[in-house]
Each structure stands twice: as structure tokens, then as C-alpha cells.
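I would like the entire structure built from these sequences, with the hints used as guidance.
Residue strings, one per chain:
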Amino acid sequence: MNCQTCHERMTELADAKLDPETAALVRAHIEGCPDCRREFESLSQTLEALDKLPAAAPSHRLRARVMGDIEAEKLTLRRHAGWASSIRAAADSRRDRRPSWVPILLQSLGACALLVAGFALGERNATQRQLADLRARVDTMSQLFDQSVLQKRATGERLESVLAAAATQKPDERLIDGLINSLAFDTSVNVRLNALNALYLHADQDVVRAGVLACLPREPNPLVQVAMIDFLAATRDREAATELRKLVVDSRADADVRESARRAIDQL
Amino acid sequence: METDAPPSDHELMLAVRDGDLDRMGDLFERHHGPLFGYLAKLTGDRSAAEDITQVVFQRMLKYRHTYRDGGSFTAWMYHLARRCASDHFRKSLTAPVAVDPSELERHADESSRADESAAIRDDHALLHRALGLLDRDDREVLLLSRLQELSFAEVAGILECSVGAARVRAHRALRTLRDHYLQLQKDPTS
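If you read the sequences in order, they're chains A and B. Residue 154 in our numbering sits at position 154 of the first sequence, with consecutive numbering throughout. Residue 176 in our numbering sits at position 176 of the second sequence, with consecutive numbering throughout.
Treat each hint with caution, since some may be false.
[Said to hold, decoys possible] Straight-line C-alpha distance at most 27 angstroms; calculated DSS-like pairs for lysine-lysine:
id, chain 1, residue 1, chain 2, residue 2
1, A, 52, A, 17
2, A, 52, B, 186
3, A, 246, B, 62
4, B, 62, B, 91
5, A, 170, A, 74
6, B, 62, A, 74
Hints are computed from structural coordinates only; laboratory data are not their basis.
Below, the structure written as C-alpha cells:
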């Protein structure tokens, strides 16, 4: 063992963190090398002094502040869980209703039922077309959103707009579009996260879920990506599965994002 | 009589990740003291250390879903603490100054403090000053390496370097601290 290696292992020797074999080697070198012995004694004294340095203690305010943060997070969690369950309940009720009235209609109205079923099928196809159209529009920024106008406003103003939209009890289509726009195109992570939080309240709308899903692949920030994935998992949007699988295998994606996507797929 | 062992930090954090947020309170009780002590020595500023400690727990709540099944809670917490401290230094745009020892020790241990001799207090003051003279990176690696809960491998993980590099950096930081400390002992006005 040379002096350099011996020096690098001195701290661990003083802390008794070396394996017996290495410790014996370092000790043997120290005993035979006056320079290293002096160095070891000197560093050991400094370590001892450092370890004896009294630790500062925080004020009592810290506990109150952190406990307050925990309570606030619990409230947020309950709110999100409430929305997620209401969305699931609404979806379940739609699923339960469909098989009950279609057979009755078929039995009672005979041939007319075929017309109704055909209409229903056409409507579903129309919804799919609308969602595909929306995704295309989100992807092509210029058709949906006048970015030049938005980006001229300060971040604080844009955040205020999003928070005001979130506080609106019965938002119209324009307001919902605005929130999706902010989620898709705003340059501020804070604004995008708040837009997503606001959209939780309207997650029962197909357009909202499709909007979030369309924004996911173009989102550059892992934090927002994870929040979007949580949103899609909470809303049990099965249409998200394909996009999530892409993220799981995307080696360029952040590790936390991939892990969140994997979890979300399990939930879906 | 059968006694249940208290849940490990890892188990508590997994519970938090799964939505049992009250367990974060348990983790706070276990870890806020050493974490605050580390940050107080790192920043040399009690108020900033308190703010950063709060932010660390906020981030643990916010990013709880990123906690890994096979992870070490302490290593994860100090990893977040490092990021939060970096944000603090970036925002303040000032290098941390040497601490005021009397301020740092004010709440340390009131009962034992009465027994401390003036010489020991002076010695602590010199060591605090010597710590304040270190570069932030040196102070960081040295303080992390002195945390009993962390292995060198975990310190290396937090610093995002190899174990060998962490070992060398910690050793150099300790030597620099020793040199400052000895210099201050010889000439406290230096």
C-alpha cells in the first residue's frame, strides 16, 4: 500500500468502516510510515472535533409548518380521489345503462331498434373522430391557439387566468379550451401544472382527457409529465395505454416518468 | 411478551407513497433534527436551514410516487436536500458565510451547554469558522460523509460520482478543514 491510498482510507479506518483485511493493511502502513502516522493522528483529531461539534436544533415553527404542509397535501389528495371516484362512478353508470336499454328497445321496437343502434354507433364514431381531430389540433399549435398573444402576457397574469378558470364552477367550452391550451403551450411549468389541476375538475369530459393525452408526448418537463400520467391514471382513461407504453420503453424519457407510466398502465 | 418492531423508514415512506400521508409526520419526527443540523452547517444560516428543511419535506410529499421500492430513504432524503440547498444557493447568489457559532448553538443542548467550558466553546467557534472557510462542495461532501446513516456508496450516489471519487473528495475536504482549523488555532484573527 502506498501513502496516497493509505491517506484515502484513513477516514474509514478512524470510523472502523474498513473490512478487517484492508484495515490491517492500512494500519501496517501507518505503523511503518512516520509521515502517515502523523497525518492519521492529525486527521483523527479533526474528525473527533467535527463529530463533537454541537448540532443546531430548529425552532418549533418548523414542525408546525411541515405538519401544515402534510395536512394541505391530504386535503388535495382527498379532493382528487373524490373526482376520480366520481368519474369512475359516471363511467360505470354509463356502462351499466347501455346493455339494459338496448335489448329492451330491440325487444319492444323490433326493426326500429336497428335504426337506433345504427345511430348510436354513428355517434360513437363521431366522438372518436372528434377526439382524433382534437389531438390533431393540439399538435398543430397555430390552429388552436394564438401563442403570440399569450406569451406577451407576464407569467403572473397567465397564472391568474388559469386560477380564475379553475375557480369557475360551470366553465364553457372556451374556458376548457383555454386550460388545455395553457397545458399544451405555456412556457411556465407552474402555469401548466395549475392548468392540469384545474382540468381535474372537468376530467369527466372526453375532450379534457383527450386534451391531456394529446399534450403528454409534447411535454418537455418530467414533473408535468408525471402529473399528466397521474391524471390519466386517476381518470382511468384506457385510451392512454398506448401512449403510456411508448413512454415506458422510451430510453430518452426521464426514469421517474417511465416508472410513473408503468404504474399507470398497471392501474389502467 | 411479543413486541412489534417500529416500521423502518423505508416502510413508512412506502406507506406515504401509497397515500398514508400521516406517516410523513413520523418520518419528520425521526429525521428533521439531523437534516436541519446538516443544512445549518452547510449553509451557515439557521433561518435558511429551516426553510430548506421544510422544502425537503414538501418535495418528499410532492414526489412521493417517485420513491423506489428498493430505495434507501435516508439517501433519497439527502439527495433531495442537496438539490434544495443548491436551489437556495443559486437564489441567494451569495456564498455561504462563516457561521455565528453562538447562534448555531443557541438551541443545541441547553443542559449540557451549561457545563461546557469557555475553551471548548472557543474551539467549537474556531471549527465552525474553519467549516465556513471551505468551498461549498468540500463542505457538502465532508458533512455527508460524517452522517452515520449514510455509507460511502450512498454518499457517492447523492453526489452522483463514483465511490472512489467520493472517498478522495471527502479526504481532501477533511485535510483542508484541518489546515484551516490549525491555522485558526494558531492565529484566531486570521
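Structure-based check of all given hints:
no. : hint         : verdict
1   : 52/A - 17/A  : holds (19 angstroms)
2   : 52/A - 186/B : holds (21 angstroms)
3   : 246/A - 62/B : holds (25 angstroms)
4   : 62/B - 91/B  : holds (21 angstroms)
5   : 170/A - 74/A : holds (25 angstroms)
6   : 62/B - 74/A  : holds (11 angstroms)
In this structure, none of the earlier numbered hints is contradicted; all agree with it.
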